[in-house]
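Single-letter residue listing:
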Amino acid sequence: MMPPGNLRRNYAVLAVSIAVAAVFIYAGIDKLRDPLQFADSTAAFAIVPAVFINLLVMGLPPFEIACGVLLLGPWTRRIGALAVAVISVVFFTALASALLRGLTLDCGCFGVGAPSRSRMWLELALDVMLFSGAMFVYLRSITRLPAPAP
Amino acid sequence: MPNSDLNSRNCRTSAGSIATPDPARLPQARSLAWQIVRDLGGVAILAIASLAAGLVINRFSLSPLPIVYQTPEQRFDAELTTLVAAPPFKIAPAATVGLDEFRSAVASKSALILDARPSLFFEQGHVPGALNLARDDFAQDYRQLSLPLKAATDKPIIVYCAGGECHDSRLVANALLSLGFSNVSVFTGGWDAWSAAGMPASTGSVR
Chain A
1 MMPPGNLRRN
11 YAVLAVSIAV
21 AAVFIYAGID
31 KLRDPLQFAD
41 STAAFAIVPA
51 VFINLLVMGL
61 PPFEIACGVL
71 LLGPWTRRIG
81 ALAVAVISVV
91 FFTALASALL
101 RGLTLDCGCF
111 GVGAPSRSRM
121 WLELALDVML
131 FSGAMFVYLR
141 SITRLPAPAP
Chain B
1 MPNSDLNSRN
11 CRTSAGSIAT
21 PDPARLPQAR
31 SLAWQIVRDL
41 GGVAILAIAS
51 LAAGLVINRF
61 SLSPLPIVYQ
71 TPEQRFDAEL
81 TTLVAAPPFK
91 IAPAATVGLD
101 EFRSAVASKS
111 ALILDARPSL
121 FFEQGHVPGA
131 LNLARDDFAQ
141 DYRQLSLPLK
151 AATDKPIIVY
161 CAGGECHDSR
171 LVANALLSLG
181 FSNVSVFTGG
191 WDAWSAAGMP
201 ASTGSVR
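Chains as they are written, first to last, in this note's numbering: chain A, 1 to 150; chain B, 1 to 207.
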């Protein structure tokens with residue numbers, strides 16, 4: 001029988017996975033609805049060269065949805081969590097760089113909105129939370145892998 | 001062994017005693033690192049598969065994106081260029097005015113007069129007070145003339161080109177109607193009829 005501490009941790013991993021997955025699936029579906037607006041939001045960051053913007057805009061929503069779906073499966077959760085952690089670092093870097101450069105923009109993270117610096121700070125905080133959640137799930141999953149054969 | 005060497009090879013615990021790395025844990029750490037590298041490979045494969053899926057979704061979407069991003073200005077230019085690129089047989093007939101009506105509009109300055117010919121012909125001679133909104137450079141000219149055009153939204157606009165079989169004036173007139181200008185007509189006689197009637201002309205690149 002599993003010790004109560006482990007059981008609580010497993011429930012915590014499941015809860016965090018579901019929460020992060022919900023955010024990513026919602027964000028991915030929302031970006032699919034208006035790719036042109038998302039492309040303009042991406043261009044406003046002035047980070048990605050113009051030739052890659054539309055490729056990023058096409059690839060990111062399926063990637064986010066896939067991250068969310070992978071997080072929900074017990075056997076695929078590890079890859080989903082690591083993917084969320086990696087993409088959260090990318091989002092954080094882009095947002096922080098825009099804030100440091102004094103840009104006021106709509107990041108396009110969750111649908112269309114008015115450009116706002118306070119919203120950018122909120123989304124930066126959300127990125128930190130998503131990264132922390134994803135790392136928690138990933139580290140919990142990876143440390144539960146079977147030990148290598150002697 | 002000197003003490004400093006000993007400290008560099010081992011680490012101190014919080015209690016201050018010296019702890020040596022457990023050799024039994026090394027294979028486990030290596031395996032964990034290898035697992036992280038493999039997982040990162042999995043993330044890379046996921047990214048490539050997502051891009052492929054995104055390209056397929058875009059291919060079958062109702063308004064697919066081009067592979068290379070276009071700024072809103074570039075998209076507007078392309079839209080304007082498309083507006084004047086319609087073949088003449090697809091153009092809805094715009095209202096037309098004759099020479100007398102055109103002459104009185106020019107004299108009274110009651111209408112905005114637009115010359116749809118290329119800028120080279122416009123510079124050689126045009127109707128006094130006319131602005132050059134060339135069909136060939138429609139997107140660029142339209143943006144340059146945004147102020148006078150905005151002021152003439154409800155004012156009559158008369159467009160002319162060379163005359164005869166020239167379609168530029170009708171293409172520009174229909175493009176303006178599509179862009180929300182309500183009172184646009186075409187002087188069908190064009191520059192040929194105007195100059196043949198011995199009417200005054202201006203030269204230069206007034207825009």
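Hints may contain errors.
As the list claims (entries may be wrong) - Which chain B residues face chain A? A few, computed with CB under 10 Å, are given here:
#1 VAL68
#2 PRO72
#3 ALA78
#4 GLU79
#5 LEU80
#6 PRO156
If you're looking for bench data, these hints aren't it; they were derived computationally from the structure.
Note that the coordinates shown come from a computational prediction; the quantities given were computed from them, not determined experimentally.
Where is the CB? At the ideal position from N, CA and C, for every residue including glycine.
Here's how the hints hold up against the structure:
no.	hint	result
1	VAL68	5 Å, holds
2	PRO72	6 Å, holds
3	ALA78	13 Å, violated
4	GLU79	13 Å, violated
5	LEU80	17 Å, violated
6	PRO156	35 Å, violated
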